[in-house]
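Peer 1: So you can see what is in the structure, the chains are spelled out below.
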Amino acid sequence: MANNTRKITVDDCRSDEIIIDDFTAIDALDICLGSGAVLTLKLANFGVGKNLEIAATLKDNAELLAIMADFSSGKSAVHVRVDLAGINARGTWKLSSLARGDDDKHFDVSFNHLSPNTSGLMDNYGVARDSSRLVFSGVNEIVKGAKNSKTRQSAKIIVFDEGAIAKADPQLRIGENKVEASHAAIVGKLSDEHLFYLMSRGLSLGEAKRLITYGYLKPIADYFADEKVKSQIARIVEERV
Amino acid sequence: MSVLKISNLHVNVEDKEILSGVDLTLKSGETVALLGPNGHGKSTLLQAIMGNPRYKVTTGQILLDGEDMLKMRVDERAKAGIFLGMQYPSEVAGVTSADFLRASLNARREKPLSLFEFYRLLDTTYKRMGIPFEMANRSLNEGFSGGEKKRNEILQMILLEPRFALLDEIDSGLDIDAMTVVAEAIKGEQEKGRGFLIVSHYARLYNMINLTRTIVMVNGKIAVSGGPEIIAKIDAQGYEWIKAELGIDIEKEGPDMSSVSIGICATKEAVRDGK
Numbered sequence: 001m002a003n004n005t006r007k008i009t010v011d012d013c014r015s016d017e018i019i020i021d022d023f024t025a026i027d028a029l030d031i032c033l034g035s036g037a038v039l040t041l042k043l044a045n046f047g048v049g050k051n052l053e054i055a056a057t058l059k060d061n062a063e064l065l066a067i068m069a070d071f072s073s074g075k076s077a078v079h080v081r082v083d084l085a086g087i088n089a090r091g092t093w094k095l096s097s098l099a100r101g102d103d104d105k106h107f108d109v110s111f112n113h114l115s116p117n118t119s120g121l122m123d124n125y126g127v128a129r130d131s132s133r134l135v136f137s138g139v140n141e142i143v144k145g146a147k148n149s150k151t152r153q154s155a156k157i158i159v160f161d162e163g164a165i166a167k168a169d170p171q172l173r174i175g176e177n178k179v180e181a182s183h184a185a186i187v188g189k190l191s192d193e194h195l196f197y198l199m200s201r202g203l204s205l206g207e208a209k210r211l212i213t214y215g216y217l218k219p220i221a222d223y224f225a226d227e228k229v230k231s232q233i234a235r236i237v238e239e240r241v
Numbered sequence: 001m002s003v004l005k006i007s008n009l010h011v012n013v014e015d016k017e018i019l020s021g022v023d024l025t026l027k028s029g030e031t032v033a034l035l036g037p038n039g040h041g042k043s044t045l046l047q048a049i050m051g052n053p054r055y056k057v058t059t060g061q062i063l064l065d066g067e068d069m070l071k072m073r074v075d076e077r078a079k080a081g082i083f084l085g086m087q088y089p090s091e092v093a094g095v096t097s098a099d100f101l102r103a104s105l106n107a108r109r110e111k112p113l114s115l116f117e118f119y120r121l122l123d124t125t126y127k128r129m130g131i132p133f134e135m136a137n138r139s140l141n142e143g144f145s146g147g148e149k150k151r152n153e154i155l156q157m158i159l160l161e162p163r164f165a166l167l168d169e170i171d172s173g174l175d176i177d178a179m180t181v182v183a184e185a186i187k188g189e190q191e192k193g194r195g196f197l198i199v200s201h202y203a204r205l206y207n208m209i210n211l212t213r214t215i216v217m218v219n220g221k222i223a224v225s226g227g228p229e230i231i232a233k234i235d236a237q238g239y240e241w242i243k244a245e246l247g248i249d250i251e252k253e254g255p256d257m258s259s260v261s262i263g264i265c266a267t268k269e270a271v272r273d274g275k
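One line per chain: the protein sequences are A and B, in this order.
For the first sequence, counting from 1, position 212 maps to 212 in the numbering used here; every step adds exactly one.
For the second sequence, counting from 1, position 89 maps to 89 in the numbering used here; every step adds exactly one.
In isolation and in its complexed conformation, chain A is listed as follows (with noise of 0.2 Å):
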């Protein structure tokens, strides 16, 4: 793994809570969830984007949340893959990304089913404007044995400018069965029709845009319950679109 690695674990039974706002020190989480652990983890970035690297391994009955509000700048590649290989292991992962400028960012998040009862839940949200580049990636797979398992993969982008390009491909790779899969990728221009009813009502292009790029991440702003970062994603939808 890379240099700087933040270990986190957390012991069987046992359940944390772990916001990480500031990645300048972390380039990789390694993360270990004891049977029956519960970890939320809660990322945001407002800086400087930069490469991530996270593996989770869950245990019997463990469970992540994992929140992530990217509202960083510049290029980055974040890699995600969650083992869950104990049985009854849930992991669910929630991303809103806006990439803005010439802004270059990969996100490819895997869930590993390797146990009966499984469950890995997903649901990328990002908005693409000016000439960004932003992509959506990942392969969730659930091997022979790992019967009863659920998996979700939902990744949807909206294209707010001609010059910015998209792509949403996550991939499902089953083996087994008895097991619900589902599957959702969706990158869309930005209504003609939606900006139309908003200025219709007064509103500049530039407000109209705004109004739905915050509507459209906003959601992530939710899971945190602390006011600054909701703050934060308001005044960062506020300047950069």
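In case anyone wonders, no lab produced these hints; they're calculated from the structure.
Any given hint could turn out to be false.
[As the list claims (entries may be wrong)] Derived coverage of chain B by chain A (criterion: at least 3 residues anywhere in the stretch with Cβ under 8 Å from a Cβ of chain A; other residues may be distant):
id, segment
1, 45-53
2, 66-79
3, 84-95
4, 103-109
[Claimed, not checked] If you want a taste of the chain B side facing chain A, the calculated C-beta under 10 Å gives, among others:
id, residue
5, Asp99
6, Phe100
7, Ser139
8, Leu140
9, Asn141
10, Gln156
11, Leu160
Where a beta carbon is used, it is the ideal one built from N, C-alpha and C, also for glycine.
Put chain B on the given structure of chain A with help from the hints.
Peer 2: Quick look at chain B alone, frame taken from chain A:
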């Protein structure tokens, strides 16, 4: 006293001419009923006045108190006092009605409304329209029923206090109670001297409000102008009499010309024909 003056207006949608020379003058305090078969340009006229970029004005003029509206952006037209109550209001995920309304109200004010003033105004208006106040915190029009969307349009009209309100089939999808609420709201705004241009297929709404005159659009032009007797006639007979009495051929035959309650708009037709 304001005047909205439309002269020789020609409008294309996807390179197909929908309006072929419309002349219409609307003054403050007037309410004009606009009828006509589907696909003949009623919605197109309203959208063109508001400035929807899909509707291209090829010739003609739209003046608001002498000012050239065609040079104005959509938001400038709104701030100049034009309101369009849409037939199909957009569902905008993530944007709450409250945030949207506050931004709309503040867009036309020097000093933004205080939160207290805003919520008091909102509360009063929601009550007046019979809409539960919780809906202010839901995404704009998302998951609203047809009737809720239409009431939400009228709510916006009341809040934004336009000089001229253009209402496009605002009564479709409303039950009789909601229709009464909408009609009362329109009457209330009529008393404030606003001008209205109201498109509907039904006599019911027109009978509930005060009309200055009635016009009928056929083949992208205003073919008939008169009083409420025209509405009664259309309600009873459809549009075929126009051909017999005035010698105007109704060109683009809709799916059922004798029926007055159909729902394909000109845009969809133009898109279909264009492809």
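Peer 1: Each of the hints needs a verdict: does it hold here or not?
Peer 2: We went through each hint and held it up to the structure:
no., hint, in the structure
1, 45-53, "holds (count 4)"
2, 66-79, "holds (count 6)"
3, 84-95, "holds (count 8)"
4, 103-109, "holds (count 4)"
5, Asp99, "holds, 6 Å"
6, Phe100, "holds, 7 Å"
7, Ser139, "holds, 7 Å"
8, Leu140, "holds, 8 Å"
9, Asn141, "holds, 9 Å"
10, Gln156, "holds, 6 Å"
11, Leu160, "holds, 6 Å"
When each numbered hint is compared with the structure, no violation occurs for any of them.
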